[in-house]
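**Q** If you want the building blocks of each chain, they are given just below.
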Amino acid sequence: GAGVSQSPSNKVTEKGKDVELRCDPISGHTALYWYRQSLGQGLEFLIYFQGNSAPDKSGLPSDRFSAERTGGSVSTLTIQRTQQEDSAVYLCASSSYVAKETQYFGPGTRLLVL
Amino acid sequence: DAKTTQPPSMDCAEGRAANLPCNHSTISGNEYVYWYRQIHSQGPQYIIHGLKNNETNEMASLIITEDRKSSTLILPHATLRDTAVYYCIVANNNDMRFGAGTRLTVKP
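Chains as they are written, first to last, in this note's numbering: chain A, 1 to 114; chain B, 1001 to 1108.
Everything labelled a hint here was simulated from the structure, so no lab data went into it. A portion of the hints provided could be inaccurate.
Unchecked claim - Incomplete in silico selection of chain B near chain A, CB under 8 Å: (1) CYS1012; (2) GLY1015; (3) PRO1044; (4) TYR1046; (5) THR1083; (6) MET1096; (7) ARG1097; (8) PHE1098; (9) GLY1101.
Unchecked claim - Restraint ranges, calculated between C-beta atoms of paired labels, are given here: (10) A:GLU20 with B:THR1072: 38 to 44 Å; (11) A:GLN84 with B:ASP1011: 31 to 37 Å; (12) B:LEU1080 with A:ALA2: 42 to 48 Å; (13) A:PRO55 with B:GLU1014: 41 to 47 Å; (14) A:SER38 with B:ILE1074: 29 to 35 Å; (15) A:ALA54 with B:ASN1092: 32 to 38 Å; (16) B:ALA1013 with A:PRO55: 20 to 26 Å; (17) B:PRO1008 with A:GLN80: 34 to 40 Å; (18) A:TYR97 with B:ASN1057: 17 to 23 Å; (19) B:ASN1053 with A:ASN52: 31 to 37 Å; (20) A:GLY71 with B:SER1009: 32 to 38 Å; (21) A:ALA54 with B:PRO1108: 31 to 37 Å; (22) B:GLY1029 with A:ARG81: 19 to 25 Å.
Built from N, CA and C at the ideal position, the CB exists for glycine as well.
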């Protein structure tokens, strides 16, 4: 596709359940980022992947959050034992090696934990 | 710890220039200034970035002060579609720490 895609677009889950959020970056982009945005707030950095390097996980809020990137392309963000405070929009972005400063964002996944 | 300070909101008349300020007094020598915007219900969109020289592209102009402690994003002829939250970010790597931004409302 032409842009970053994310799925699902919306997810409603019950407290304590695990969820998986998927991101398909722009083809050829080596860098992939996950952010989350709570209602009315700015973006919060979660994790960053660059090529085959070890990911920068410094923004993950707890050990319930994890992410992987298979084959240097698709990424999955997993939240285990979801809590109500995990409710937010989870945004994925990618950038190319040549133009690292320009991140292209996906539409996001709206997660609601009941 | 916020690296940038922006006013929470601003209004601008349609067709006039919108000047959005950003303070980044603790910026270090190898950090760039980036501007993104986020239109309601969409993901952020890259606008422009610079190190120390003023920059211009088809969307906006970026004016960085000589001491690099502040900058201004200029939308030369604001339209209603420019209504959005504008984020000023300082970074030297890919760790983009977005703050609360400035909510710009362009009014007819």
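**Q** Hold the hint about CYS1012 of chain B up to the distance rule: shortest CB distance to chain A must be less than 8 Å.
**A** Violated, because the Cβ-Cβ distance from CYS1012 of chain B to chain A comes to roughly 21 Å (cut-off 8 Å).
**Q** Honestly, do GLY1029 of chain B and ARG81 of chain A meet the 19 to 25 Å range at C-beta?
**A** 43 Å, violated
**Q** Within 41 to 47 Å or not, the Cβ separation of PRO55 of chain A and GLU1014 of chain B?
**A** 44 Å, holds
**Q** At the C-beta level, are LEU1080 of chain B and ALA2 of chain A separated by a distance inside 42 to 48 Å?
**A** 26 Å, violated
**Q** Should the interface hint for PHE1098 of chain B be scored as holding, given a Cβ-Cβ cut-off of 8 Å against chain A?
**A** 4 Å, holds
**Q** For the restraint on MET1096 of chain B, tell me whether the closest CB of chain A is nearer than 8 Å.
**A** Where the cut-off is 8 Å and the nearest Cβ of chain A is about 6 Å from MET1096 of chain B, the hint holds.
**Q** Range hint 29 to 35 Å: satisfied by the CB atoms of SER38 of chain A and ILE1074 of chain B?
**A** 30 Å, holds
**Q** Does the closest beta carbon of chain A sit nearer than 8 Å to the beta carbon of THR1083 of chain B?
**A** 16 Å, violated
**Q** CB of GLY71 of chain A to CB of SER1009 of chain B, is that within 32 to 38 Å?
**A** This hint is violated: roughly 43 Å between Cβ atoms.
**Q** Holds or violated: is the Cβ of ARG1097 of chain B closer than 8 Å to a Cβ in chain A?
**A** 6 Å, holds
**Q** Would you check whether TYR1046 of chain B satisfies its interface hint, that is, whether its CB is within less than 8 Å of any CB in chain A?
**A** 5 Å, holds
**Q** Would the hint on GLY1015 of chain B be counted as holding, given a Cβ-Cβ threshold of 8 Å to chain A?
**A** Violated: closest Cβ of chain A sits about 28 Å from GLY1015 of chain B, beyond 8 Å.
When each numbered hint is compared with the structure, violations occur for hints 1, 2, 5, 12, 15, 16, 20, 21 and 22.
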